[in-house]
Amino acid sequence: MSVEGPAPTLESPGEEPAATVAGRLAGYVRGGGVITPLITALLAFLVGGLVVALTGKDPIATYKAIFDGTGLNWFFPWISADERTVASLNLQQTLILTTPLILTGLAVAFAFRCGLFNIGGQGQYLVGTYAAVWAGSSFESMPHVVHVLVCIFAACFAGAAWAGIAGILKATTGTNEVISTIMLNWIAIWVGSWLFTLGGPLQTDTDKSVPVSPDIFPGAKLPVFWGDPELQGLHVGFFVALAALLVFWVVLNRTVTGYEIRATGFNPDAAQASGISVGRNYFLAMAVCGLFAGLAGALDILGWQFRVATNDIQISQIGFLGIAVALLGRNTAIGTMFAALLFGALLTGTSVRNLDPAVFQPELAGALTSIIQGLIVLLVSADILVVYLWRLRRRLKLRGRGNATAEAGA
Amino acid sequence: MSAASATGERDATLPDWLTVKRIGWAGVALGFLAFFVAVPPLTLRSPVPTVILGLLALAAGAYAVARDEPRIGWGAMIAGLVGIAGGIASTQTGSDSLERVVAWSALFAAMLRYATPLVFASLGGLFSERSGVINIALEGMLLMGAFFGVLGADLTGSWFLGLLCGMAAGGALALVHAVFAVTLRADQIVSGTALNFLAYGITTYLYLNRYGAQGTPNDLPSIPDVKLPLIEDIPFFGDIFGQVNLMIWIGLLMVIVVWVVVFRTPPGLRLRSAGENPLAAETAGLSVVKTRYAAVVTSGLLAAAGGAYLSIGFVHSFSQNMTVGKGFIALAALIFGRWRPGGALAAALLFGFSSALAQRLPVFSTSAATLFQALPYVVTLIVVAGVVGRSIPPAALGRPLDRS
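Keeping their order, the protein sequence lines are chains A and B.
Every letter in the first sequence is one number past the one before it in the numbering used here, and letter 102, counting from 1, is 102.
To convert, count from 1 in the second sequence and add 1000; that's the numbering used here.
Not close to chain B: a few residues of chain A, all C-beta gaps over 10 Å, as computed:
1. Ile60
2. Arg84
3. His144
4. Ala243
5. Asp312
Pairwise CB distance ranges (calculated):
6. B:Phe1160 to A:Val352: 35 to 43 Å
7. A:Leu198 to B:Ala1106: 25 to 33 Å
8. A:Thr173 to B:Arg1264: 30 to 38 Å
9. B:Ser1287 to A:Gln314: 40 to 48 Å
10. A:Gln314 to B:Val1261: 38 to 46 Å
11. A:Val251 to B:Leu1246: 50 to 58 Å
Because the hints were derived from the structure by calculation, they are not lab data.
Where a beta carbon is used, it is the ideal one built from N, C-alpha and C, also for glycine.
Take the sequences, apply the hints, and build the full model.
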C-alpha cells in the first residue's frame, strides 16, 4: 500500500536539501524506502548501547532484558505456554502505550505536512486528559456510549483549542510555532498541576491528602477486548487509534483540505499565489494536530488510567515521544504505526514493572529511551542516510551501466 | 507594512513630535502606571487613580488602533486592562501582604538571579543566529552546563573547574549541532530539538547513574557571591547589588562584551555577514563554514555557563530537567530583543521579573501557588506573539550555505 500521495512539487531527493521542512521530508520519504528508518533506529540503539557500555554495564544483557519485557516474543512460535501467558500480558501493555503514541505521532506528522513543527503534542495531550477526566467524573447518570463519546469529544475539543492558539498566532502574527507550542506545553503542565493539587479545583473529594483527580465513573470506561479488565487489559481505544491512521491518510491524500495543507507545506508562497489561504490552513492543521493529541489523552484516561495524578503530569513523555514517532515513521500513516509500536515496546520494556533491576535500573532505562529518541530525531534531521543511500544506489546503477557499455564495446 | 507607518503616521492636527506610535507607547506606559500607583511604595488605597490612568491608556490604545497602528494600540489597551485589574485587585488586598509581595528591592534582586541564565543563553543564541544557524538547542546546552557544572565541581572540589567542565560539555553539544547544521546541512530546528532530547537523556542518565535517589551532595562547591562594601550601604540600590553572585556581574559584563565583539570588531562583521549574505561573504574570501562553527560552539560555551550558574551558583544542586524551558524563553528573549545584546538583556530581565513575581504571588493564595508557576511562560507567549512579526531575523537564518 502506498501511503504517500501524489505531491504537487516534489523535487528529486538526495541531491540538495529542499527549502521547506515538508519538501525535505518528502525527499526523505522517497529515498531509501523502509531501509532508512530501520538503519536509523539500529544506529540509535547502537549508540545507546555504547552509552550503557561506557557506564560499565552490559549493553547486550540490557537490551535482552528490555526486549523480554516488551511482550514482542509473543509472536515467536517456539516459546512455552507459561512464557506465552507472561508475554501476552506484556504485549497488552505495549499496545496500550502504542495507542496514544500513534495519535501523538500523527499530531506531529500532520503539522509537518503543513510545514509546521508541532512540539506541543505534550501540552495538547495533557489538556486532553484533563478534559476527559473532568467529563468522565461528571455526568454520572449518562448512558455508557454517550458518556464515552462526550468524554472523547471534550478531550478532542480541548486539544484542538490548545493547539489552535499556536495556529492562530502563527497565522495572524507569524509567531514561531516552536516557541509558542513549547510555552503552551509548560502552561498546560502547570495548569494541570494546579487543577489536581491539594486544594485544587478538580482534586478528588475522597481523600484530600492526595494530589489526584477523581476517578472517572465506570460508565465512561472503555471496554477491554484482550486480557483481564482488572489487570489492565487492552482496551478498544487501540482500534480508535488504528482508525485515526486511516482518517489521517484519507484527509491528507483524498480531500481538498488535505491537498491545500500539503501545498502550504511544500511552498507557502506558491500556495498563497494559487489562491489557498495559508493562514487558514496553518490554523486548521494545528487544530487537527491538537485533535489527535487530545484524543490520545482521552483514550489513556478512559482506557486504563481512569484518573490524573499531578506527578504523572510532570513525568509524562507521550507527547514528546510523538515527535520521534512521526519522524521515524516518515510522517506517513503506516510508518507512524510501526514507529509507535517500537516506542510503545521500549516504554513497556523499560518500565519499573518489567525490567529486572538486577540487570539494569528501570530509571536509567527511561533515560536511555530519551537518548535513543534524541539520536533518532537527530539522524532523521540530517537525512544524511537518505543522501548516502541515494548516491550509493546511483553509483551502483552507473557502475552497472558502465560495465554494460564496456561489455558491449568488447 | 508601508514605509509611512515605519517612520510613524502623523495626524495633521497634532504637533510634529507627537506621532501616533508615540501615543501608543504612552498608552502602554499609562497602563503600567495604573498598576504602579496601587502598590508599594505609593500604595494608594483608592481605586480612582488606577481607573483614570487605565482608561487613559485604553483611550490612547483605541486612538492608535484607529490610526493604523494596531499592534501598539492593542498593546496599550491590554496594558490598560491589566493595569486596571491589577490595580483594583491590589487596593482590595491587605497592605501588609501587598508589601510582602511587592518588596521592590527583593523583587529586583530575584529578577537578576532568574534573568542571568537567560542572559547567558540568549547571548549564546545571538552568536549562533547572527551567523545564520538557528539554535533551538539552547535548552539542552543549559542543561548540559547545569549537570556537568555540578559533576565537575563535585569531582574536582572547585567551582571554577566545575564551571569550565560545564562549559566544555555545552560546547561539545554545540559542536554536534554545528556538524549537523553546517556540514550535514540538517534541518536546524529538527536537529536542535533532537539535541534537547539527547541532552535530557544524557544528563538524566548520568545523574541517576551517579547520584541516584540521594540527589546531588549538599556540600557542592558553589560560585561565590561578590560583596561590595560601599554599595551595600546605599538603601535601595545596595539591597539589590550589594551582594550578588559573581556570574550575575559576568553576565551583565558579557552583554557589553558581546555587543562590542559582534558590532564593533572585524570578527563580528564576519559573523554577521555569514548570517546576512553567506554567498557574498564567501566571495569576499571568508570561510562561512568556519565562522558558523566558531559561532555555534561559542553559543554552546555561553549557554552552558548560564546553566552552570543555575546549578552551582543559584540553586546549589541538580535535578532532572531543571532548566524547565529556560532555553526556549532565552530564545524568545533573543527574538524580542531583535537579535541585539541590549534588547536580549531587557527581555531577559522582563522574563526574570515574571519568574521572581511568580515565586512571591503565593502569599495571596497558597492553593494557586502552582498556577503562578505558569506566569513566565504566559508572559513569554504574549510577548513573542506581540512583537515577533516586527522582529527581523538575520537574512540567511536557518539556511545552509549553498555554494552551487
